[in-house]
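On the provided structure of chain Z, position chain D with the ligand as indicated by the hints.
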Amino acid sequence: MNTKKKELKVSAIANGTVIDHIPQGHVSKVMNILNLENFEDQIYFGANLDSKKYGKKGIIKVSNRYFKDSEINKIAIVAPTATMIEIKDYEVIKKTSVKIPDEVIGIVKCFNPKCVTNHENVITRFTIIDKENLKVKCHYCEKITKKEHIEFL
Amino acid sequence: MKNRSLISINDYSKEELLKILKIAEEFEANPRQKILSNYVIASLFFEPSTRTRLSFESAINQLGGRVIGFTDSSSSSVKKGESLRDTIETVSLYSDLIVMRHPIEGSARFASEINDTPIINAGDGANQHPTQCLLDMYSIQKTQGTLDNLDIAFVGDLKYGRTVHSLVIAMSMFKNTRFHLVSPEELKLPRAVKEFILSSGLTYEQYTDINAVIEKVDILYMTRIQAERFADPIEYEKVKNSYILENSMLENSKDNLRILHPLPRVNEINEDVDTNDKAYYFQQAQNGVFVRQALLASILGLR
Ligand SMILES: [Zn+2]
Chain Z
4 MNTKKKELKV SAIANGTVID HIPQGHVSKV MNILNLENFE DQIYFGANLD SKKYGKKGII
64 KVSNRYFKDS EINKIAIVAP TATMIEIKDY EVIKKTSVKI PDEVIGIVKC FNPKCVTNHE
124 NVITRFTIID KENLKVKCHY CEKITKKEHI EFL
Chain D
51 MKNRSLISIN DYSKEELLKI LKIAEEFEAN PRQKILSNYV IASLFFEPST RTRLSFESAI
111 NQLGGRVIGF TDSSSSSVKK GESLRDTIET VSLYSDLIVM RHPIEGSARF ASEINDTPII
171 NAGDGANQHP TQCLLDMYSI QKTQGTLDNL DIAFVGDLKY GRTVHSLVIA MSMFKNTRFH
231 LVSPEELKLP RAVKEFILSS GLTYEQYTDI NAVIEKVDIL YMTRIQAERF ADPIEYEKVK
291 NSYILENSML ENSKDNLRIL HPLPRVNEIN EDVDTNDKAY YFQQAQNGVF VRQALLASIL
351 GLR
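Protein chains in written order, with this note's numbering: chain Z, 4 to 156; chain D, 51 to 353.
The set of hints was computed from the structure by calculation and includes no laboratory data.
Check before you lean on any hint, since a few could be wrong.
Partial pick of chain D residues on the chain Z-facing surface, computed with a CB cut under 8 Å [to be verified]: (1) Leu134; (2) Gly156; (3) Arg159.
With a straight-line cut-off of 30 Å between C-alpha atoms, the simulated DSS-like cross-links for lysine-lysine are [to be verified]: (4) D/Lys84 to D/Lys52; (5) Z/Lys146 to D/Lys84; (6) D/Lys225 to D/Lys288; (7) Z/Lys134 to D/Lys238.
Note that CB positions come from ideal geometry on N, CA and C, so glycine has one too.
Just chain Z, with the same shape it has in the complex (with noise of 0.2 Å):
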């Protein structure tokens, strides 16, 4: 709890949400999903974080806006070890841990070269056969893809 007071308040936000613990690397898929790109309101973002649990890790602060648990398990995928804390006057009200959705729409890039998402105009759409081990299996060529070669679009 120490180390989290300190960070917030290098640049604390009155309301909003924290979304913490964004594995190395993933900040900007997560503001992507998350649409934060356009978003008008302030955001900080951070990347290359010391982090004890994971060694480097990302973090996104955004100003007046809060998540309902559907945005939030879209960045499960990319981000499943993120936390989402929600700020009220400069207190954390909630903290909730991203849920592993049973599907995935778009994000996900199909790995088999000779399926229609990469040849037609098809958005992509994912089933998660293994929640644990991050494994998807394609509803069109219905291939079945490891974690390790999961990329996204």
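Relative to the frame of chain Z, chain D with the ligand by itself:
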């Protein structure tokens, strides 16, 4: 099953698959009922597959239906760069149902989501070919009188053969199926499919010698081993002749054994097997017509 596309064998439940097989029996007894005389079926073959196309077209023609379409994409607007979406949208306006074969995996699923016109997948690359699976099931049921308690051997290329994968998955729905998997080391059944067998509460055994299974099985499902599947041509030369079935090998096989093959064969079944009563591959191909008739009739709401 009215208006439901058939893209993957898993789209239909066990009961629905059995229902199609039941209807196929009716068409086998009477294949020339003119129930499709008011229907136009599109047959879109984005890659050539003469065998499958002729089977579908024969099924449709015998039922009095009309067929429109193309036999390979070089003679169609696809060659001019039309998207699959546009082709399907357009053809849907001209037909009641679309049969499609396409080299791209997942293309049939995508096509089935474009609008309400039902699609029958006649093969999408290495992915699915559900009507082959249905006709294999029909052939097994017809020759054995049941789909339960069978010993089934799959021989040859079990790694890349989608026909084998689909049939293994389909037969895993039935009671006490025992799978005997015969292949070279390089072409073993993929782990995911074997896991599926186990997760269905069934068992399998793996072999490299075909002679080890011939006497204990009810169905011998032969497949072709293709040279291009081997990284090392020497490996292919080593195994290519060890998976050839000859009539003499069948001497001590069970009376009810039947030999299946998705065809075309090259040399994996010697022609001297053809006159053996246990050879069933040509009737198997003919069963494809009845099963496709049953499927068309079900999807169009005529059965
Ligand atoms: Zn795919």
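So, going through the hints one by one against the coordinates:
The interface hint given for D/Leu134 holds, since its Cβ lies 5 Å from the closest Cβ of chain Z, which is under the 8 Å cut-off. The criterion of a C-beta within 8 Å of any C-beta in chain Z is met by D/Gly156, whose closest approach is roughly 3 Å, and the hint holds. At its closest, the beta carbon of D/Arg159 sits 5 Å from a beta carbon of chain Z; the interface hint therefore holds under the 8 Å criterion. Restraint check for D/Lys84 and D/Lys52: the C-alpha separation of about 19 Å stays at or below 30 Å, so the hint holds.
With a C-alpha separation of about 40 Å, the suggested pairing of Z/Lys146 with D/Lys84 is violated against the 30 Å cut-off. Using a Cα cut-off of 30 Å, the hinted pair D/Lys225 and D/Lys288 is violated, with the two alpha carbons roughly 37 Å apart. A threshold of 30 Å between alpha carbons decides the hint, and for Z/Lys134 with D/Lys238 the separation of about 27 Å falls inside it, so the pair holds.
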